[in-house]
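A.B. asks: Kindly produce the complete structure, drawing on both the sequences and the hints.
Protein chains in written order, with my numbering: chain P, 109 to 352; chain C, -19 to 292.
Source of the hints: derived by calculation from the structure; they are not laboratory data.
Idealized CB from N, CA, C, for every residue including glycine.
Heads up, none of these hints are tricks.
Derived Cβ-Cβ restraints for the label pairs, each shown as a range:
hint, chain 1, residue 1, chain 2, residue 2, range
1, P, LEU320, C, GLN66, 17 to 23 Å
2, P, SER128, C, THR197, 33 to 39 Å
3, C, LEU287, P, GLN116, 40 to 46 Å
4, C, GLN271, P, LEU320, 37 to 43 Å
Examples of chain C residues toward chain P, derived with CB under 10 Å:
hint, residue
5, GLY8
6, LEU13
7, LEU44
8, LEU74
In case you want the letters, here they are:
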Amino acid sequence: MTKISLPQPVTVTKIIKENSHTRTFITDINLPAMPGQFVMIWLPRQAEKPFSLTTTHPFSFTVMTVGPFTKILNTALQSGDRIWYRGPFGRGTYTPVPGKTILVSGGCGCVPLYCLAQTLKSKTSTRVIIGAKTKTELLFVNRFRRLGLKTVITTDDGTAGLKGFTTNALEAILKTEKIACVYGCGPDPMLKTIADLCRAHHVRYQLSLEALMKCGFGICGSCSRKGKLVCLDGPVFTRWPDTL
Amino acid sequence: MAPPPSLSINLAGVQLVNPLVLASGFLGTDPHLLARVAHAPIGAITTKSCCLNPRQGHENPTVLAWDHGLINAVGLTNPGVNHEVQDIIALKQLLNQSPVRIIASFFGGTVTEFVQVAQILSTAKPDFLEANLSCPNTEADLGRPFAIDPKVTYQVVKQIKQVTSVPLIVKLSPNVTDIQTIALAAQSAGADILCAINAVTGLLIDPESGQPILTNTIGGLSGPAIKPIALKCVYQISQACKLPLIGLGGVSSGADAATMIMAGATAVGVGTAIYYRGLRAFTKITQELNQFMTHHHYKSLTDFKGLAHDQN
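C.D. replies: Here it is as structure tokens:
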């Protein structure tokens, strides 16, 4: 697996609209990477931010508009344009666990989980809980279904699926079934709850964390959480870092 | 069998168990992360430079790896001195009974700010203060580094020394015509220790877009590319000054550390080597230095300190 140190250009060949403020950019290269790894995406004279890989063959990534840079990517970038990437980064990646598994996705946390889902040998023993604030914010529901995964939908306002949080749905499953591993990605409070629930039910878990990142390779310390580097030790952790 | 060589040093009256020092700016400000470094054999940890108020630094890209080292223009991101005082206190607690010393690095946009920050930072009781007069990446808002002018260097060091009793390290810039003059200015102003070198200014351009890769355009080079420059500066400073010197720039191996000491350094800074060798860089460099000394029958670091200056 070759890691690109200095930004290299790739051409965007196709753009998929996921919802009103989220797009997936498909590029003209393959990028061998492990599920959970990320790349730094750079636009000259703009900025550079970390993004999870959506697919590796071809290399694609998904952008939700949250700030000025993601807004530029989602409004200005067109098919045929070039973007620059370096990576993939991260030594802590999702690793397969045999048996029944659950993916828990909050918001754009679906991206690395979708990357993981593509690598799972038995799609039928894995369910995905996809959560969002409201129906129009839900992401990747059909993508997961097309892979053959059973989906459980939750929305905070009850406009789709179960009303409540992903972790409510997860708790219900953990109480009644023997689960081998829970994979999570999403907002911190959700991940913390997953860690607590899994500990209480003696279930293994793998969580992909977010943090402010600069270098991406463990030098600057920007992404340190209780001494663990999210960019290098993670982004996927098998223990909640604040309890290390 | 001969006893293992001694790696301990005396740095301006303070004992360090090992000559290796974590260079400032690496691994940021999280006390938990800095404490993790202290599990390795290391003499001192330098915290990331802080100033009076919180500072965001530059937009990414800020740190990049290229063929022969790193280039960075982080822009002195820090949470401000009051927060840093709390971080240092937390770090001291985490280090507990460890002999690892703490060097608190700081900077200011003006002489007054340097003095204020030194005063506040001293309340955390670090083992050393390090005045960073030489960041190459903040010219746009902080002006040219103090360390390019001997008069300004003298003035700022003199005033800092008046407000603190913590031993003061002055970090010098290689981006000058005559580093000896600057080093002498710092020495005559009362600096206790000198540290050289800070990053060497450089520029990387992306050939496809024709644009600078760093958002700040210009950055500071570190790592293997600058080792000969660092050795030259350390050699020249130790020719001109009596003060103990922390030598750094491109030290990646035990042999590199040895040559820095041969050029005249008492202690040796390590930073970019973490990129190449991970957090275990300190353990590996220490092992190599030990082997080197054993092989050459050196019993202590003073046996070969400044050896490069001897002509016979």
